[in-house]
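Asks: The lines below spell out each chain.
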Amino acid sequence: MGAELKLVVFSLGNEEYGVEVDKVQTIERMMPLTRVPKTPAFVKGVINLRGVVVPVIDLRERFGLAATEYTDSTRIIIVRQQSIEVGLIVDSANDVVDVDEDQIEAPPEVVGGIRAKYLRGIAKLDDRLLVLFNLQEVLNKDEIIQLEQLGE
Amino acid sequence: MESNQYLSMFIDESKEHLQALNDNLLELENSPSDLSIVQNIFRSAHTLKGMAATMGFEDLANLTHDMENVLDLVRNNKLSMNDHIFDMLFKSLDALEAMVNDIVEGGSGKLDVQHIVAGLKAIVNGDSAPAAGSPSKQASADLHLSGGLDQFQLSVVEQSLQSGFHVFVIRVRLREDCVLKAARAYMVFDALERNGEVAKSDPSVQDIEQEKFDREFTVYYITKLDGQTVEHMIQDISEIESVVMTPIDAKALAQMREHSSSASESKPDSNTGRGAAQQASGANGQAGSQTGGQAKQQAGSRTIRVDIERLDTLMNLFSELLIDRVRLEQLASELQKQELTETVEHMSRVSSDLQNIVLKLRMMPVETVFNRFPRMVRDLAKNLNKKVELIVTGAETELDRTVIDEIGDPLVHLLRNALDHGLEDTPGRIAAGKPETGNIYLRAYQSGNHVFIEIEDDGRGINRDKVLNKAIERGIVKSEDADRLSDHEVYQLLFASGFSTAEVVSDISGRGVGLDVVRSKISSLGGAVTVESKLGEGTKFIVQLPLTLSIITAMLIRLANEKYAIPISSIVETTLITKEDIRIVQGMPMVRFRENIIPLVNLAEVLEVPNHELDDSAEMNVVVVHKGEKLAALIADEFIGQQEIVLKTLGDYLNRLFAISGATILGDGQVALILDTNALIK
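If you read the protein sequences in the order shown, they are chains A and B. If you're matching positions, the first sequence starts at 1 in the numbering used here and goes up one per residue. If you're matching positions, the second sequence starts at 153 in the numbering used here and goes up one per residue.
Some hints could be false.
Facing chain B, from chain A, some residues (calculated, C-beta under 10 Å) [to be verified]:
(1) Gly45
(2) Asn48
(3) Val53
(4) Glu85
(5) Pro108
(6) Leu132
(7) Gln136
(8) Leu139
Taking lysine-lysine pairs in the DSS-like style, the calculated list, with each CA pair at most 30 Å apart, reads [claimed, not checked]:
(9) Lys38(A) with Lys779(B)
(10) Lys38(A) with Lys673(B)
(11) Lys23(A) with Lys800(B)
(12) Lys44(A) with Lys534(B)
(13) Lys38(A) with Lys782(B)
(14) Lys38(A) with Lys834(B)
(15) Lys38(A) with Lys800(B)
(16) Lys534(B) with Lys243(B)
(17) Lys731(B) with Lys38(A)
(18) Lys44(A) with Lys715(B)
(19) Lys834(B) with Lys44(A)
These aren't lab readings, by the way, just hints derived from the structure by calculation. These numbers come from a predicted model, not from an experiment. Note that the Cβ used here is the ideal one computed from N, Cα and C, for glycine as well.
Using the sequences plus the hints, can you model the full thing?
Replies: Right, dumping it as structure tokens:
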């Protein structure tokens, strides 16, 4: 038996994803966004999270998946990776599960349209498959800069 | 070790003492015969020694001890200051500073200071050394005379001596970091009274109980025990720094009787005498530091040290309050209920007073940065073999702590520049018909929402041609453009990167990496730096800094559905223009403003505001903003109004944004971005 891992489960399209509970600050309903000019399209803007200004990115657009309308079940998961605090817009977030480290396998090249670089692995639970994010890469600032340069 | 909790206090205080030592030494250098300055230096050194010894930093304590020996000779007129002694003392200070810095960085404060110690010892062992011993001996004799016992107490002591009791004068000194002084003193008395009788105590028992004493007290103690036992008994109590026992025998008593009538006059004498005696015996207490300690206590009662993090928290909480205030004001004006409006108005007034106080709490005098400059200038001048006087004014001017923390290095650069490039060397000054000693003025003053710091020298001034030639050589300016540049523009070239006009690259001003770094540092603080100069007469650098970085007044504007804040400090004017006012110059829309034709910026287009259409059928709102002397007009859909806003960062994820310097939260909870108009002016 490996170490237990607690994951917040959220969904994008038909896939279910997991992010470590200790990286998650809070989960919020959709709230008004202030657009920030000249940022990549997936940066949706900034929100007022109880007095703190937090940038929010749309995870679908971040990975080039088809954008959808925001609904009642849309959630913003506020995550923190080192000094970076960011809100992730996901289709829904509704569960917390315990996963054994042993249940996590290396990710295949592409899952649900997302390249392996952004993934930490895949957790196989009894009846479901959870894709684990590599937050470090997802929130990689250098990549924003590259994207900006491409856009110019 | 238990003293760990006192370490940060020790570091703070030793830095203060080092600074005081530095300042006083510089002052002494100007008026070497002023012994009151020597006293001050001595006190600082002594306190430092005591603190270092308490904290177990022996090298630090030993070095200060040797400095103290030299200073002691000076203050007793046994030695007069000369250049060599000054240099030695400054060297010691540098070593002390290095040690303290080592401690700050978690080291043990150890440093090899043998040569300095040897140097100091050599000074002490000069001709004046033997004479130094004599006052101490005299003083120790005086100790017995420092009676202060009245006739009744004297007879009690006499009788006790006759019936075979021992009588001691015991001086107990508590440790500097002792928190409950009265409690410790009580424990001493308790221990003493179990085995004897306290005939008299100085200060009185009542005063001691109320902590009305500095760190030490003296008791006359009658007991059957011998001196050693008593001493051990007292030293077993914790937080006692030293115990000095002086036995009183019949002979001493006789002397005391003799002097008791003139006790009042002899008392002050005996005080200093006691000091000298103790200091000669190497113990950590003497009159000088007593008075020093008292003075500090008085100052201490008026100020307290506060962790800067708490101030930051206070500031954050207040920001929240400010946002709610704006919200309340909005609600009140919507609801039109008089009682509510009155309450909100009152709350607004209180909170703006509160805001002033909170902002003031974060303000520090620029002195905290300036005070290291006199020493630096002195050393540099010696290095360069120039004669320089630094004249500092307005050191009490206050700036936000964040600015204070950052402004030191740029100012050092500018001062070095003035010394190295600005001022001529002595022969050069004589040739130019100027006094040998060059002046550097360092001035700080507040004007409106800004603080200005000027560094001016009366040196050779900036040579326009030299600067231009260099700039052309470095490819910063094209030779055909050279003549068109105004003097002001030429001087600004000094701030271009990779520019240095010094003919010899010196180790003082570096390799021309200075001024561009200065400029970028200052602009990152929201400030600006300009230079004025007259050839042959001198150069003046003017640094403009914002008073505070956390709450600013801004103009809120609307672009379609988006709101932006423009800091008032960058706004020149708001005005209205019509389509007819716009003319196209070289494909760029321009507009007349006062005497100038300035660029017109369609803000919504630049910021890519969605669903925005420029309505130029009627009059348009424009905000004229400036960056230095350059102006631009920005088109806004609507002016919402002027507001105090709290600056918030956008976090680490979004940095290096175009034309956005931060964000603020409006009364309705929405986030509005703060425009960095500098990016919009080319």
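Asks: Now tell me if each hint is right for this structure.
Replies: Outcome of the hint check:
{"no.": "1", "hint": "Gly45", "result": "holds, 8 Å"}
{"no.": "2", "hint": "Asn48", "result": "holds, 5 Å"}
{"no.": "3", "hint": "Val53", "result": "holds, 5 Å"}
{"no.": "4", "hint": "Glu85", "result": "holds, 6 Å"}
{"no.": "5", "hint": "Pro108", "result": "violated, 29 Å"}
{"no.": "6", "hint": "Leu132", "result": "violated, 21 Å"}
{"no.": "7", "hint": "Gln136", "result": "violated, 13 Å"}
{"no.": "8", "hint": "Leu139", "result": "holds, 7 Å"}
{"no.": "9", "hint": "Lys38(A) with Lys779(B)", "result": "holds, 22 Å"}
{"no.": "10", "hint": "Lys38(A) with Lys673(B)", "result": "holds, 25 Å"}
{"no.": "11", "hint": "Lys23(A) with Lys800(B)", "result": "holds, 23 Å"}
{"no.": "12", "hint": "Lys44(A) with Lys534(B)", "result": "violated, 59 Å"}
{"no.": "13", "hint": "Lys38(A) with Lys782(B)", "result": "holds, 24 Å"}
{"no.": "14", "hint": "Lys38(A) with Lys834(B)", "result": "holds, 18 Å"}
{"no.": "15", "hint": "Lys38(A) with Lys800(B)", "result": "holds, 19 Å"}
{"no.": "16", "hint": "Lys534(B) with Lys243(B)", "result": "holds, 14 Å"}
{"no.": "17", "hint": "Lys731(B) with Lys38(A)", "result": "holds, 28 Å"}
{"no.": "18", "hint": "Lys44(A) with Lys715(B)", "result": "holds, 16 Å"}
{"no.": "19", "hint": "Lys834(B) with Lys44(A)", "result": "holds, 29 Å"}
Going down the numbered hints, you'll see the structure goes against 5, 6, 7, 12, while the others check out.
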